[in-house]
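Asker: Residue-level listing of the chains:
Number of protein chains: 2
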Amino acid sequence: MTDKVRIALDAMGGDHGPEVVAPGAAIALSRKPDLNFLFVGDEARIRPLLDADPALRAVSEIQHTDVSVAMDDKPSVALRKGRYKSSMWLALEAVKARRVDAAISAGNTGALMAMSRLCVRMTPGVERPAIAAIWPTIRGESIVLDVGATIGADANQLVSFAVMGAAMARILFDIDRPTVGLLNIGVEEVKGVEQVKEAASLLREGDFPRLDFRGFVEGNDIGKGTVDVVVTEGFSGNIALKTAEGTAKQIGEYLRSAISRTLMSKIGYVLAKHAFDTLREKMDPRKVNGGVFLGLDGVVIKSHGGTDAEGFASAVELGYDMARYDLMEKIHQGFASVAPEPAAPALAGVAS
Amino acid sequence: MTDKVRIALDAMGGDHGPEVVAPGAAIALSRKPDLNFLFVGDEARIRPLLDADPALRAVSEIQHTDVSVAMDDKPSVALRKGRYKSSMWLALEAVKARRVDAAISAGNTGALMAMSRLCVRMTPGVERPAIAAIWPTIRGESIVLDVGATIGADANQLVSFAVMGAAMARILFDIDRPTVGLLNIGVEEVKGVEQVKEAASLLREGDFPRLDFRGFVEGNDIGKGTVDVVVTEGFSGNIALKTAEGTAKQIGEYLRSAISRTLMSKIGYVLAKHAFDTLREKMDPRKVNGGVFLGLDGVVIKSHGGTDAEGFASAVELGYDMARYDLMEKIHQGFASVAPEPAAPALAGVAS
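For the protein sequence lines, the chains are E and W, in the order given.
Just so you know, the first sequence maps onto residues 1 to 352 in our numbering.
Just so you know, the second sequence maps onto residues 1 to 352 in our numbering.
Chain E on its own, in the form it takes in the complex (with noise of 0.2 Å):
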């Protein structure tokens, strides 16, 4: 890396594009300095943005496209149309060939999972890729993986993905070796989560000393911040969180129509005002908007696609703490530390 991180923006993902894209970066730059920008999409839409912001304009390039991919867009119909051409796919593109440092896109997920994996591929020794969200909990925060890359994952691949989870957390979270709980339920003796119970045995007997594995946890201690990365498959983890989210909404709006219905609680609404803006902060999505796709040989980030500036820059501001303190390299580290001994012999017949 040059003192500088690098950051392709697909300008052109999100419900917004430029709009949100560009004030995002602005907002992403006034805390990092040393970030620089590679915009990519319609020169058109992005160079007023640019030129309406000097400080921007300086440390930014635009390379343009006329091509980007619908939020709507299944991967497949994504692939067809803006294979090497797309905005999408030119930011991956550039962090496939080091000219940046990490890219950025706000585009459908599953599309720039799928580009992800074509043009900038998976990381020597990864199998399948994982998304990492960060997960806000009364603790802190905590990252939460996969949330819907890699469906019904066996146990080496959710052990690579509790080696990437905690790569990630020791950047984040500033830990040496961050606590790993494997998300399982609380039924006794059940049958089909085998290779749940085969990652517990390969991370619990395996040398892995950049991680704390602390055996299972159940969907109520993610919330609770019991530790550092909860690893799960891709199908449960998005379940989870899109559960969790749903939640919020719900309790939110509860409260609000509680809190209406009479003019004593308005006025004490009033009161407690600030309590409740500390809230509403806290259960705020854009603070931590940004998914990290992991396993693939490069920093990709993905933002929500209806975010605005301010969520934009905390995805830009994630993907520059990841390019800053190497998260590939940490990766690596994490595997590297693999006991070159098999897994327990017991475990040989499992199947998973």
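Where hints are given, some of them may not hold.
[Unchecked claim] Now the stretches of chain W that chain E is said to cover, found in silico as 3 or more residues with beta-carbon under 8 Å:
| hint | stretch |
| --- | --- |
| 1 | 216 to 224 |
| 2 | 231 to 237 |
| 3 | 254 to 260 |
| 4 | 275 to 281 |
[What the hints assert, rightly or not] In the BS3-like style, the derived pairs of lysine-lysine whose C-alpha atoms are separated by at most 25 Å in a straight line are:
| hint | chain 1 | residue 1 | chain 2 | residue 2 |
| --- | --- | --- | --- | --- |
| 5 | E | K224 | W | K224 |
| 6 | E | K287 | W | K224 |
| 7 | W | K266 | E | K282 |
| 8 | E | K273 | W | K282 |
| 9 | E | K273 | W | K273 |
| 10 | W | K74 | E | K197 |
| 11 | W | K266 | E | K266 |
| 12 | E | K249 | W | K249 |
| 13 | E | K74 | W | K197 |
| 14 | W | K266 | E | K273 |
| 15 | E | K266 | W | K273 |
| 16 | W | K273 | E | K282 |
| 17 | W | K224 | E | K282 |
| 18 | E | K249 | W | K224 |
| 19 | W | K282 | E | K249 |
| 20 | E | K249 | W | K273 |
In case anyone wonders, no lab produced these hints; they're calculated from the structure.
Only a predicted model underlies this, so the values are computations on that prediction, with no experimental measurement involved.
Even glycine gets a Cβ: it sits at the ideal position worked out from N, Cα and C.
Position chain W against the provided structure of chain E, taking the given hints into account.
Answerer: Quick look at chain W alone, frame taken from chain E:
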């Protein structure tokens, strides 16, 4: 059924045993005067509680046993120690023998499910059981199943969960054709959810006049109340349930800490107290206590182990409703209406 609804109570189940079960039964009786109880457990502990409440005593019998299943017994241990003789087993046996219309236990879930399958057995035509939870939503309540009984259910099992959940919804929500959704993730064209896709085809193309299939829903649709019945396999369902519980606790925690931060916000809290009470009531887990074990040849309800008398009463009333409005018959109606024609040929080769 007689004109009374007869309920067997595992008096020794749960963290508190008869001291919660008896007052819980009394609360339920005050609201459903046509209840009759069979208390199964340690007579020396149960008798004084009934003697202290003549109304309850008048409708209750005691079946004594010294043996009870511990809350942390593994199912295999519970079966070894408690088969044929524990309060849990004997309560289930009363269902099996049609001496009661339903059994309620706050004992441990794994043991209760294992014993239910051995003692009450599956209802003809259903392969695997499901645990159905009542989930508070913005719109009111929905039913979510399976929350932990059948890990990795296949397409046909998911279809049977849909039919059974709809039967339960017809009773609880008093609607003719409950809406049903299959829990899925939003990423398009992902692999590994073939069984969910196949279940969708079966539900779409089959003839199910007792339910209104609405396709896929995502995790955030549960809290919205998008459909009356959300169907998923047990691993994801359990994780969704626990994650929602965790998120609700987490937000409650944020709110408490935000409100106690300043004098002004404390005053605001007092003024808005009624609003907060409404919120607390909305979020009260006791109100929706009780998981229904579906797929058995009888009505079995699992109460939360740590609940109080009010919560246990909810579980009893849930059992009352399922028995009084004939869950078993409604499930059979749901299956009877399955179209005799096979699934669309295109599906025949899809692996699950």
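Asker: Of the numbered hints stated previously, which ones are contradicted by the structure, given in increasing order?
Answerer: Violated hints: none at all, because every hint is consistent with the structure.
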